Amino acid sequence: MRSTMPVRLGPAEDSLIAQLKSAGADAVAERITVAGLPTRRVESYHYTDLKALLRAVPPLAGAANAANPPSLAVPGAYVLTIVNGRVQAAGAVPAGLIVGKTEGGVLSTRDDTLVGINNGLASEALSLSVENGVDTVIQIDRRIEGEAAHAVDALKIFVADGASVTILETFSGSDAAHMGNHATYMALGKNSAVTHVTLDLSPSKSSHFATNEYRLADGARLRTLVIHAGAALARTQLFPILAGAGAHADIGGLNLASDGQHLDITMESHHAVPHTSSQPLFKSITRGRSKAVVQGKLVVDRDAQKTDAKFMHQGLMLSDEAEILSKPELEIYADDVVCGHGSTCGKLDEDWMFYLLSRGIPQAEAETMLVRGFIAEVLDPIEDEALNEALNTVVDGWLLSGK
Amino acid sequence: MTTPILEIRNLHARIEDREILKGVNLTIPAGQVHAVMGRNGSGKSTLSYVLAGKEDYEITEGEILLNGESILDMEPAERATAGIFLAFQYPIEIPGVATMTFLKAAMNAQRKARGEGELSTPDFMRAMKEAGSLLNIDSDMLKRPLNVGFSGGEKKRAEIMQMALLKPTLCVLDETDSGLDIDALQVVAKGVNGLRADNRSMLVITHYQRLLNHIVPDVVHVFSDGRIVESGDKDLALQLEARGYADFDGQAA
Amino acid sequence: MDYDIPTLKENIDRETVESVLALDVDKYKYGFETDIESEVAPVGLTEDTIRLISTKKDEPQWMLDWRLDAFRRWQTMDEPSWAKVHYPKIDFQAISYYAAPKAFKGPKSLDEVDPELLRTYEKLGIPLSEQAILAGVEGAGEPKTPYSGNVAVDAVFDSVSVVTTFRAELAKVGIIFCSISEAIREHPELVQKYLASVVPVSDNYFATLNSAVFTDGSFVYIPKGVRCPMELSTYFRINEKNTGQFERTLIIAEPDSYVSYLEGCTAPTRDENQLHAAVVELIALDNAEIKYSTVQNWYPGDKDGKGGIYNFVTKRGDCRGRNSKISWTQVETGSAITWKYPSCILRGDGSQGEFYSIAISNGYQQIDSGTKMIHLGKNTSSRIISKGIAAGFSDNTYRGQVSAHAKATNARNFTQCDSLLIGDKCGAHTVPYIESRNGTAVFEHEATTSKISDDQMFYCQARGLDEEEAVALIVNGFVREVLQHLPMEFMVESQKLIAISLEGSVG
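Quick note, the sequences are listed as chains A, B and C, same order.
Every number in our numbering is 65 more than the matching position in the first sequence, counting from 1.
Every number in our numbering is 559 more than the matching position in the second sequence, counting from 1.
Every number in our numbering is 112 more than the matching position in the third sequence, counting from 1.
Rather than coming from a laboratory, the hints here were simulated on the basis of the structure.
Predicted model, so just to flag it, every value in this text is computed and none were measured.
Be aware that one or more of the hints could be misleading.
Below, a list of computed lysine to any residue pairs in the SDA-like style, where the Cα atoms sit at most 20 Å apart [to be verified]:
1. C:K196 x A:I82
2. C:K284 x C:K305
3. B:K663 x B:G627
4. C:K563 x A:R106
5. B:K702 x B:R673
6. C:K196 x A:R106
7. C:K418 x C:Y199
8. C:K336 x C:A280
9. C:K196 x A:R367
10. A:K375 x C:Y199
11. C:K336 x C:E281
12. B:K613 x A:R106
13. C:K563 x C:Y545
14. A:K412 x B:P654
15. C:K537 x A:V364
16. B:K613 x A:E454
17. A:K412 x B:E614
18. A:K371 x C:K235
19. A:K412 x A:R354
20. A:K371 x A:G411
21. B:K702 x A:E454
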């Protein structure tokens, strides 16, 4: 093959390279120097061309104070805060939970630029250890405050064998063109049960990147829900590894895309051992000139017999100018499996609409009702009532905010 | 003479290039129950959709009057608030929308259109309980998403319950007996009969005479190839059952 | 989602059972080599090679210029690497780009063709004869092979078309069916108007290479309002060693016309890999319909993965006219590597595209195949049914794209991709790109991967079938939905082919 021309680097790449070098992350810096930010030619960024979308990277975030209340109030939740990449002091810790701080770089190394940047720049990580059943919802409020800043933070969670917990992460900040790169690594012990919700409420000019990596031991049960309701550009990467027999993951996601937004949920779920199951379910709603992306790959290893995995993405287009782009993938090396995926895309069902209208419900109300119904499937399984209600409030706010 | 609740005059309707209704004339005075019988594909269901205002159908000729007012220019929601209720042959399943939420929205929308205030929650619950008990529908069923996972009988009972709650002036029942066993049929018929009133008319569309043993009509019409070809009293239904539809084919009204 | 593969009841019909039971034991029965004196160009690829091809073909200057332009572009391009296939780097300088039977002196009538060639085609089950029944004439008995009966054949042997049957018959209704070389000489206005109008010269690496060095292929022109009275087909045979085959096919259907076209291909058993890089372009104008069926049976390599054809093909149809329709049906069983995405550009309002595919990989075969449905016009619709079967050590990937352009109001797509894995050393992959840029578009995509159920196997075995027969039977049921879209004569042949392809996949 002919030698490829060197990549021309833009200001975003120049800033990133400088930031990485200043943090001693030379390998990642070198990689961006050679290849640039991923373009659409990189399969996993096919619909989110970072080179084209990221024109500038703000300076690395300095310390800021955390006086603001959490961006989403969940009654009874225990709140921990990370501001501009720095872990804030914790209050009285609920029973069964140990809160600490470790070094940054919580994600497993993989061929991914956002992961590389996070591992290279996250200086410290909030660490949580769930020792047994914790009833309180644990909320990690991750924020970027002050002038436009590039904030990189990390969270590491260990859930002990048989423990259970509900964790909410909220992302928000001051109204500026921030860039957030957030990492969460979670190890689920045997027969543990975790609900993990991440909700992006970043300000409208910012870029939000998050990577969630999960490792499930035997019999672990994970339920996740990603909600994109903020930022100009948001991408959440989900990397669950089902590494123990009987492990099950319900992976959920919701893109609520309004005019001007580009929202991307990218998942690669890895079934590594026999007898695991997963049910990823993602929904995208677009209105105005917006773009929603869902990529979901199910990888089944050669040994992972009896895997049962079903991926589904449903897109709902509320405007003619919006785009919904989806790439569900199967990569299967074991034969005794039941795997599948589905992807649908369209506008509101006309028969449903007619049914509601025929009962006298006006058009606009019927529409809202159907959109809520469309979303319900991903919100309803969140069992904690206060959390469920708070998430519904966010969705309602989006629905009522129009464009 | 008082104004009939429903008057259809020389109604022609088509879907895409196919004419389905070819000159329907039908008048239902207040308080009466009329049955329309016909074989599959004769256009009976089209008549029900056209009354409810489904977009897919184009009215090419004729008139539909509800209480003397034309409804042709009315949107489906307006028709509903004006008093038309269609009990669907195949009630639509809408995942994610709880039956209860839906009923409340529908009742309040109709009240609002009539200039009435919203129902209070206790009043709403009372109305639900009342209508539900009439049709053997418990509150668990009302918490489930609309028609999702309902059996055939449950769906039809839920339709009649909606009818009871919304108190329409014209009830259009499209093949309400299809998919029902005899017990379920009796429950549904009891519900319908309980709603018969002097100021309410019903149009019962059916394929079989069986339903008419339970909901006894004042007038029976035979529908064939897009129009009514014969009308009579309830005995006409028995004749149809005995002789089949073939005898009526090709007759002009 | 419903993962059931079709139930046994649907699967078992006597015909299938009989054809499965009557299977030949040899794995690749077209692997023989014809001993015929050939003229072969020296290996290597330079501008001189292209001049040689052009001279051999007696081409006009514009064609040579066009080829040279393509060659220069190709030299600036990189080989694509995105497909899920792995192979050693191809040495394009080690291939001969032209080979033709020595006695060959341009297209002839049937009685002038070298009898050795006729025997070769006979052995392949393709008697090159015009004795067989013509459309509408009965009484000559049942067709015995796919190519008997109402099929006109263009026989391409290495780099040249050796004969095209039924030409006179077809000319009566104004249909042109000849080799592309002849079309370049005889119908330059049509070729210049349509060549590369669907697959641009620099569309992709292999298409550009093809544009530079293509040797032969078929040309079909169906005039306005004509329904082609017989199936047209091209049969490709690679015979010489160290040669590549670069065919070019162009089919034009004028308004209100219809044609059904079949394509078959085989090659001798050889230890080294051979390259086949074809380009097929279809153009359907207003209300025209083109049905294109392929049974691809190039030599797949031996059980250890030695030898076999590298099949890098660009096939694309342009539904240029209103309410036009292009339907691709493919049965892919051969080749060491298949890289092929027969696609439809749905440009005309109301146009329709279809893709029905069976892709079977065994041994060390690698298949990366699928389709693209590009919705540009209003009210366009497309349908994709893909059945992939992976056995042995093979990798079988469906890669597809469905996209609705912002102006493609009411675009509709339905896609169903099912994969079946036989054995635990193979892989089945699905990579669809689903892109809706119009709020009124409705897309539905569904994919499943499973294995043959133990219950089905047990049922078949309880009725006396051995394991291999049972697999063939069940697989035939699995792919039935696609087989039905093949022309009648091809169906039975394809069923047998499927069974042969899967030999050795169990036990």
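Evaluation of the provided hints:
A threshold of 20 Å between alpha carbons decides the hint, and for C:K196 with A:I82 the separation of about 32 Å lies outside it, so the pair is violated. At roughly 24 Å between alpha-carbon atoms, C:K284 and C:K305 are farther apart than 20 Å, so this suggested pair is violated. Restraint check for B:K663 and B:G627: the C-alpha separation of about 29 Å exceeds 20 Å, so the hint is violated. For a cut-off of 20 Å, the pair hint linking C:K563 to A:R106 is broken: about 33 Å separates their Cα positions.
Of the supplied pair hints, the one linking B:K702 and B:R673 is violated, its CA atoms being roughly 27 Å apart against a limit of 20 Å. Annotation: proposed proximity of C:K196 to A:R106 holds, straight-line Cα distance about 15 Å (limit 20 Å). Taken as a hint, the C:K418 and C:Y199 pair is honoured in the structure, with Cα atoms around 12 Å apart against an allowance of 20 Å. Only pairs whose Cα atoms come within 20 Å are accepted, and C:K336 paired with C:A280 is accepted, the gap being roughly 19 Å.
Of the supplied pair hints, the one linking C:K196 and A:R367 holds, its CA atoms being roughly 17 Å apart against a limit of 20 Å. In summary, the hint linking A:K375 to C:Y199 is not supported, as the alpha carbons are separated by about 32 Å, beyond the 20 Å threshold. With a CA separation close to 17 Å, the supplied pair C:K336 and C:E281 stays within the 20 Å bound. This hinted pair does not check out: B:K613 and A:R106 have alpha carbons roughly 47 Å apart, beyond 20 Å.
Simply put, C:K563 and C:Y545 have alpha-carbon atoms about 25 Å apart, too far for the 20 Å limit, and the pair is violated. Of the pairs offered as hints, the one joining A:K412 and B:P654 holds, with about 15 Å between alpha carbons and a cut-off of 20 Å not exceeded. Taken as a hint, the C:K537 and A:V364 pair is honoured in the structure, with Cα atoms around 15 Å apart against an allowance of 20 Å. Taking the CA atoms of B:K613 and A:E454, the gap is about 36 Å. The hint is violated against a cut of 20 Å.
The hinted pair formed by A:K412 and B:E614 meets the criterion: a straight-line CA distance of about 16 Å does not exceed 20 Å. Restraint check for A:K371 and C:K235: not satisfied, since their Cα atoms lie roughly 46 Å apart, outside the 20 Å limit. Our distance criterion of 20 Å between C-alpha atoms is met by A:K412 and A:R354, whose separation comes to about 15 Å. For the hint pairing A:K371 with A:G411, the CA-to-CA distance comes to about 33 Å; that exceeds 20 Å, so the pair is violated.
About 17 Å separates the Cα atoms of B:K702 and A:E454, which keeps this hinted pair within 20 Å; it holds.
Hint compliance for this structure: hints 1, 2, 3, 4, 5, 10, 12, 13, 16, 18 and 20 are not met, and every other hint is.
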